[in-house]
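Chemist: Take these sequences, add in the hints, and give me the full structure.
Order-wise, the sequence lines are chains A and B. Each residue of the first sequence is one higher than the one before, starting from -17 at the first, in my numbering. Each residue of the second sequence is one higher than the one before, starting from -17 at the first, in my numbering.
To be clear, the hints were calculated from the coordinates, so they are not data collected in a lab. Computed from a prediction, not measured in an experiment: that's the story for all the values here. Heads up, a few of these hints could be off.
Note that the list lumps identical chains together, so a pair holds whenever it fits in one copy or between two copies.
To be verified - Below, a list of computed lysine-lysine pairs in the BS3-like style, where the Cα atoms sit at most 27 Å apart: (1) LYS154 <-> LYS(-14); (2) LYS123 <-> LYS113; (3) LYS(-13) <-> LYS246; (4) LYS120 <-> LYS242; (5) LYS12 <-> LYS150.
2 protein chains.
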Amino acid sequence: MNLKKELNDKKEYFEKELENYIPKIQGYQKTLFEAMKYSLDAGGKRLRPILLMESTSLVGGNIEDAIPFACAIEMIHTYSLIHDDLPAMDDDDLRRGKPTNHKVFGEGIAILAGDGLLNYAFELMIKHSLKYEKESYKYLKAMNEIAKAAGVYGMIAGQVVDLESENKKIDKETLDFIHTNKTSAMIVGALRAGAIIGGADEKQLENITTYANNIGLGFQIVDDILDIVGDESKLGKNVGSDLENNKSTYPSLFGLEESKKIAKKLIDDAKNSISSFEDKGEFLKYLADYIVDREY
Amino acid sequence: MNLKKELNDKKEYFEKELENYIPKIQGYQKTLFEAMKYSLDAGGKRLRPILLMESTSLVGGNIEDAIPFACAIEMIHTYSLIHDDLPAMDDDDLRRGKPTNHKVFGEGIAILAGDGLLNYAFELMIKHSLKYEKESYKYLKAMNEIAKAAGVYGMIAGQVVDLESENKKIDKETLDFIHTNKTSAMIVGALRAGAIIGGADEKQLENITTYANNIGLGFQIVDDILDIVGDESKLGKNVGSDLENNKSTYPSLFGLEESKKIAKKLIDDAKNSISSFEDKGEFLKYLADYIVDREY
Chain A
-17 MNLKKELNDK KEYFEKELEN YIPKIQGYQK TLFEAMKYSL DAGGKRLRPI LLMESTSLVG
43 GNIEDAIPFA CAIEMIHTYS LIHDDLPAMD DDDLRRGKPT NHKVFGEGIA ILAGDGLLNY
103 AFELMIKHSL KYEKESYKYL KAMNEIAKAA GVYGMIAGQV VDLESENKKI DKETLDFIHT
163 NKTSAMIVGA LRAGAIIGGA DEKQLENITT YANNIGLGFQ IVDDILDIVG DESKLGKNVG
223 SDLENNKSTY PSLFGLEESK KIAKKLIDDA KNSISSFEDK GEFLKYLADY IVDREY
Chain B
-17 MNLKKELNDK KEYFEKELEN YIPKIQGYQK TLFEAMKYSL DAGGKRLRPI LLMESTSLVG
43 GNIEDAIPFA CAIEMIHTYS LIHDDLPAMD DDDLRRGKPT NHKVFGEGIA ILAGDGLLNY
103 AFELMIKHSL KYEKESYKYL KAMNEIAKAA GVYGMIAGQV VDLESENKKI DKETLDFIHT
163 NKTSAMIVGA LRAGAIIGGA DEKQLENITT YANNIGLGFQ IVDDILDIVG DESKLGKNVG
223 SDLENNKSTY PSLFGLEESK KIAKKLIDDA KNSISSFEDK GEFLKYLADY IVDREY
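Modeler: As structure tokens, then:
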């Protein structure tokens, strides 16, 4: 399997679909739509929507049923980046090699573009859930996974503790709380929501959740490692910015080599947890490897 | 009918219920919950949740079914105030006579508390909708009303255009766009969602929508008037702040007396539109009058 090509095909498929779900740039609130689209179009790996759709297909569901939810989770991820980059938060000027949203549109519009993306994500999911009355309960359950993952017991919790931990020495428990919530939660949410849309049974959902938790934490650890060893052009953000902010990370707590080992172990466990899907899980297994191997 | 007492009773009833729906202040993300609660507890008229619950009962529904949605709409309203007060937006230090959220918790936490409230509003509505599978479609429709009202074709659209109109002379169409979206949309959303939860038929929903549109615009016009003639202690915000920002308003476009007449006419039409509910509509009619008469 040529994973790079597979991943790129899925990314292109998703991005084509996403275009249909972005509000048209017109009306009095034109600038808002421009700002939303600017960050949505800025690229990135599209990891969450790809995981969501893949999870739907893994359990035998139809990917098309999952598209509005895939767009919604990418919108939520994008809003979180816009707000995270603001001067009052991480104060970043660059994201994926482009000026951050507030650098282009100003802080006020950037805040509202973030708010808009979060709200619009729910609008999309609700609209899709309303389409077929009989199926609506299933979609409501999938929406619940995404809402929880993105919320004050998920992603936002991670961001708050991350913000409060700047320039502080934190222990492993706090670091794990940040990672689990800031990054893993949405990966878990994506995979669980996708599986529910695809009609997963209890056992399948459990296995997918184990996979999700492992690659979620692994992903963040590798991000921390890349923040030290990556180069700016590959990541499109200022390398070492976490170090500059004195953030505690896996490498700063355990060292580089040990961190790589921890990530490797998490990924192996992830792959094992979906072995029951046999060939159908092939892409997700490759993807798990890609997460650790991607840049170093 | 002693409206003031009725209104106060409903406000107290709502606020007691709201306490049960605010996340407990505990865990690593304690500060987040404190910031969310700080602004939720800051009071205000609780107009949107009261309208929502009243609309449910107007069409013969059970108010208790509407409570989580009433809490959700107040959370969305509150988040919009937190973000609106930020330095990059209206830059207000006072709200309802208390320091604004970012003055107490800092800008970063204020942004996240706003995000948290918006997301949590959806979490509450989804959780409630999942409770009874058979009823879930109805709640999904009610959630749709609130999501649209709060979103990029509703409240957020109004905020963006409002922000962009500062220090600019704008025409009546633009002003109406701002009013309709920034304030009316959520009032319409509250009343329509409440009616749907209560089981309204098409005709009832239509009449309630007319009522909602009229009091929504009337409410904003009166707010503009109060910004000129009100006194600071009554409003708990800096009087004349709209004027300072050179915002176009009904009074600045039409003069005070003509603006009062326009508001009065809107309210009369609102009351007529719910006459078919006879005695059951009494409170909402009083409330419509209260909106124009409240402070001047």
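Chemist: Hint by hint, note whether the structure agrees.
Modeler: The hints, checked one at a time:
Taking the shortest Cα distances, LYS154 and LYS(-14) never come within 27 Å of each other, neither inside one copy (34 Å) nor across copies (54 Å). Taking the shortest Cα distances, LYS123 and LYS113 sit within 27 Å of each other both inside one copy (15 Å) and across copies (11 Å). Taking the closest pair of Cα atoms, LYS(-13) and LYS246 come within 27 Å of each other only inside a single copy of the chain (23 Å); across copies the shortest separation is 65 Å, beyond that limit. In this assembly of identical chains, LYS120 and LYS242 lie within 27 Å of each other by CA distance neither inside one copy nor across copies; the values are 38 Å within and 50 Å between.
Only between protomers do LYS12 and LYS150 lie at most 27 Å apart by alpha-carbon distance; the minimum there is 17 Å, versus 41 Å within a single protomer.
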